Amino acid sequence: MMRVVIISLALCATLTNAGQTRNSPMEAIAYVTGPMQADNRQVKGNVTFTQNDCGQSVHVRIQLEGVKEGKHGFHIHEKGDLSNGCASLGAHYNPDKVDHGAPHHEVRHVGDLGNIEVGPSGTIDVTYTDAVISLSGKRTIIGRGVVVHEMEDDLGLGNHTDSKKTGNAGGRIGCGVIGIK
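Going left to right, the sequence shown walks through residues 1 to 181 as our numbering numbers them.
To be clear, the hints were calculated from the coordinates, so they are not data collected in a lab.
Treat the numbers as computed from the prediction; the structure is a model and nothing was measured.
Cβ atoms here follow ideal geometry from the backbone N, Cα and C, with glycine treated the same way.
Honestly, I wouldn't trust all of these hints.
[Claimed, not checked] List time: in silico DSBU-like cross-link candidates among lysine-lysine, alpha-carbon distance up to 30 angstroms:
no., residue 1, residue 2
1, Lys97, Lys79
2, Lys44, Lys79
3, Lys138, Lys68
[What the hints assert, rightly or not] Listed next, with one range per pair, are the computed distances between beta-carbon atoms:
no., residue 1, residue 2, range
4, Gln63, His160, 27 to 33 angstroms
5, Gly171, Glu65, 26 to 32 angstroms
6, Gln56, Asp96, 15 to 21 angstroms
7, Pro95, Thr129, 19 to 25 angstroms
8, Lys68, Asn46, 15 to 21 angstroms
9, Gly158, Ala131, 33 to 39 angstroms
10, Arg61, Lys138, 31 to 37 angstroms
11, Val107, Gln42, 32 to 38 angstroms
12, Asp96, Gly158, 17 to 23 angstroms
13, Asp96, Glu69, 30 to 36 angstroms
14, Lys138, Lys68, 34 to 40 angstroms
15, Ser88, Pro120, 30 to 36 angstroms
Working from the sequences, and respecting the hints, build out all of it.
Put into structure tokens, the structure is as follows:
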């Protein structure tokens with residue numbers, strides 16, 4: 001355990017020093033795309049993650065088009081594997097092995113980023129901050145997947161059997177792998 005902590009701190013220090021040398025924050029990006037939907041929509045766009053320094057919150061900018069109007073679950077998944085499309089990204093990123101929850105809940109998966117709300121245009125361009133995910137260290141999201149779900153995430157508060165596991169957010173309509181920008 002101590003070795004993991006030391007390695008994580010060393011990686012964080014290295015990335016921080018690299019960022020300071022470049023005089024810029026750490027950044028990651030996922031190009032998100034999905035299969036053609038029954039209504040001829042296709043989710044496409046980018047999700048950009050920016051962290052000014054190790055231990056600080058991550059700014060998440062979501063820029064998507066082709067999303068059906070309404071709320072959609074938005075999560076980080078454990079794998080960065082697109083060999084079988086969005087299905088191969090695995091479960092929500094949950095290294096602490098806890099129940100599903102909302103971004104503001106004390107108990108939540110690291111990958112629980114709540115819902116995005118899309119208007120009638122089918123586009124979204126929103127930025128918010130998350131204090132649990134990271135671009136370095138133990139909770140890094142680099143190399144993992146980001147998923148847009150077909151339905152609203154119930155934030156672990158629903159009566160469905162999947163509520164505490166996935167937020168009962170339904171299928172995956174768009175996804176991408178998070179890489180260093």
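Taking the hints in turn, this is what the structure says about them:
1. With a CA separation close to 16 angstroms, the supplied pair Lys97 and Lys79 stays within the 30 angstroms bound.
2. For the hint linking Lys44 to Lys79, the alpha-carbon distance of about 20 angstroms falls within 30 angstroms, and the restraint holds.
3. Taking the CA atoms of Lys138 and Lys68, the gap is about 34 angstroms. The hint is violated against a cut of 30 angstroms.
4. Between Gln63 and His160 the Cβ separation comes to about 30 angstroms, which falls inside the hinted range of 27 to 33 angstroms.
5. For the pair Gly171 and Glu65, the beta carbons lie near 19 angstroms from each other, so the given range of 26 to 32 angstroms is not met.
6. Between Gln56 and Asp96 the Cβ separation comes to about 20 angstroms, which falls inside the hinted range of 15 to 21 angstroms.
7. For Pro95 paired with Thr129, a C-beta distance near 20 angstroms keeps the hint of 19 to 25 angstroms intact.
8. Between Lys68 and Asn46 the beta carbon distance is about 19 angstroms. The supplied range of 15 to 21 angstroms therefore holds.
9. At roughly 24 angstroms, the beta carbons of Gly158 and Ala131 sit outside the given window of 33 to 39 angstroms.
10. As the Cβ distance of Arg61 to Lys138 is approximately 24 angstroms, the hint placing it in 31 to 37 angstroms is violated.
11. One distance hint, 32 to 38 angstroms for the beta-carbon pair Val107 and Gln42, holds here, with the actual separation near 35 angstroms.
12. The beta-carbon spacing between Asp96 and Gly158, approximately 21 angstroms, falls within the hinted interval of 17 to 23 angstroms.
13. Between Asp96 and Glu69 the beta carbon distance is about 34 angstroms. The supplied range of 30 to 36 angstroms therefore holds.
14. Between Lys138 and Lys68, the C-beta spacing of about 35 angstroms keeps the proposed range 34 to 40 angstroms intact.
15. In this structure, Ser88 and Pro120 meet the distance hint of 30 to 36 angstroms, their C-beta atoms being roughly 32 angstroms apart.
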